[in-house]
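S.K.: The chain contents come next:
2 protein chains.
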Amino acid sequence: MAQRYEIRFSGAGGQGLITAGIILAEAAAIIEGKHAVQSQSYGPEARGGASKSEVIIADDPIDYPKATLVNACLALTQEAADKYAHGIIDKGVLLIDCDLVKTAPQGNFTLYQLPIIRTAKEEIGREIVANVVALGAMVALTGIVSFESGEKAVLDRVPAAFRELNKKAYRVGFEKMKGIL
Amino acid sequence: MAQRYEIRFSGAGGQGLITAGIILAEAAAIIEGKHAVQSQSYGPEARGGASKSEVIIADDPIDYPKATLVNACLALTQEAADKYAHGIIDKGVLLIDCDLVKTAPQGNFTLYQLPIIRTAKEEIGREIVANVVALGAMVALTGIVSFESGEKAVLDRVPAAFRELNKKAYRVGFEKMKGIL
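Chains as they are written, first to last, in our numbering: chain D, 1 to 181; chain C, 1001 to 1181.
Hints were generated in silico from the structure; no laboratory data involved. Please note that a few of the clues may not be correct.
[To be verified] Some residues of chain C that are not near chain D, with every Cβ distance over 10 Å (derived):
(1) A1012
(2) K1083
(3) T1110
(4) R1118
(5) A1160
[Stated by the list, open to error] Cβ pair distances, simulated, as ranges:
(6) D:R126 / C:L1111: 23 to 31 Å
(7) D:P159 / C:G1033: 47 to 55 Å
(8) D:K91 / C:A1160: 52 to 60 Å
(9) C:F1162 / D:C98: 50 to 58 Å
(10) C:L1069 / D:G43: 33 to 41 Å
(11) C:Q1106 / D:P159: 56 to 64 Å
Glycine included, each C-beta is placed from N, C-alpha and C at the ideal position.
I would like the entire structure built from these sequences, with the hints used as guidance.
M.R.: Below you can see the structure in the form of structure tokens.
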């Protein structure tokens, strides 16, 4: 693993991206024993519809938790892509929802596309788990935690009644991403 | 309001302190238009039972999101008080659950005590809303957002079926704190 790895989840408010960030941080820290900082930073733009959540993962203590250079970014909506898909390092990765982000940001990173919201709706049957589909895809894309650590962190965090739904969402997201890597 | 105000919520994992932090940040930023950063930092101690969540609120953009000097701290358990009730500024405030924190941390801050968990259990009927009782108390203690902004942020964030329960928990926490100020 790199010394420090930063992941940004962006989309619309209400899509559960803060939860996705928390689950990833807990997978890395509580399950895999790394250091992690999870944060959301709200400025004047917070009143708009776009939302973001950031996770920094490192082997050593993290002195400066603000995401400055992003290794991997997710954008579920066009507005989020326009606002938050920046600061990605050279050779970093950007995953967009290809149904909703029609104009992909340009940069010296590798662009990946999946129909994340549609997958949640049509294959899992609940749009509300799009965040966990996205989390599974980002775990597959980055390899920053193992499939199993991410799955355990999902199951530890979601209410008991929704465990099977979220477990399926996570696995489907992971497998869809693996299919295009 | 001070240039920069930092609040730390600490307790045990599963007590919903991350959610309390997110709600406070959303009250300050999305509702009141301030800048806010909400974060959780996980180190090797994350495997233990103690958990913390931090919020920084400011009128201007926040450059350095890591909480370094805490204006107001909450500790719901003895372990959290021992681990996380430090770095409080001179003349800052510390609120502890007086049933669970038997040995209060010492420092040049003002100590407040409320039976937060017991209030959630006995007056609201659900221990799970202890985080929102605590949030109401911290809003009353700090005045960092208005009662109404905090209440709206609670209602925006919790599932519809639990709105009345959380609204009551928030109000009771707020009023209990006002009663001892």
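S.K.: Is 56 to 64 Å right for how far apart the beta carbons of Q1106 of chain C and P159 of chain D are?
M.R.: At 39 Å between Cβs, range violated.
S.K.: Since T1110 of chain C was said not to touch the interface, does its Cβ keep a gap of more than 10 Å from each Cβ of chain D?
M.R.: holds (28 Å)
S.K.: Just to be sure I understand the hint, the distance between the Cβ atoms of R126 of chain D and L1111 of chain C should be within 23 to 31 Å; is that true here?
M.R.: violated (46 Å)
S.K.: If we take the beta carbon of R1118 of chain C, is the closest beta carbon in chain D still more than 10 Å away?
M.R.: The claim holds: R1118 of chain C sits with its nearest Cβ about 24 Å from chain D, beyond 10 Å.
S.K.: Does the no-contact call for K1083 of chain C survive, Cβ to all of chain D over 10 Å?
M.R.: Holds, since 15 Å exceeds 10 Å.
S.K.: Taking the minimum C-beta separation from A1160 of chain C to chain D, is that value above 10 Å?
M.R.: holds (13 Å)
S.K.: Is A1012 of chain C truly not at the interface, in the sense that its beta carbon sits beyond 10 Å from all beta carbons of chain D?
M.R.: holds (13 Å)
S.K.: When you take the CB atoms of P159 of chain D and G1033 of chain C, is the distance between them in 47 to 55 Å?
M.R.: For P159 of chain D and G1033 of chain C the Cβ distance comes to about 32 Å; the hint is violated.
S.K.: Just to be sure I understand the hint, the distance between the Cβ atoms of K91 of chain D and A1160 of chain C should be within 52 to 60 Å; is that true here?
M.R.: Because 44 Å falls outside the window, the suggested range is violated.
S.K.: Is it true that L1069 of chain C and G43 of chain D lie within 33 to 41 Å of each other by Cβ?
M.R.: violated (22 Å)
S.K.: That 50 to 58 Å hint for F1162 of chain C and C98 of chain D (C-beta), does it hold up?
M.R.: violated (35 Å)
In terms of the numbered hints stated before, the structure departs from hints 6, 7, 8, 9, 10, 11, listed from lowest to highest.
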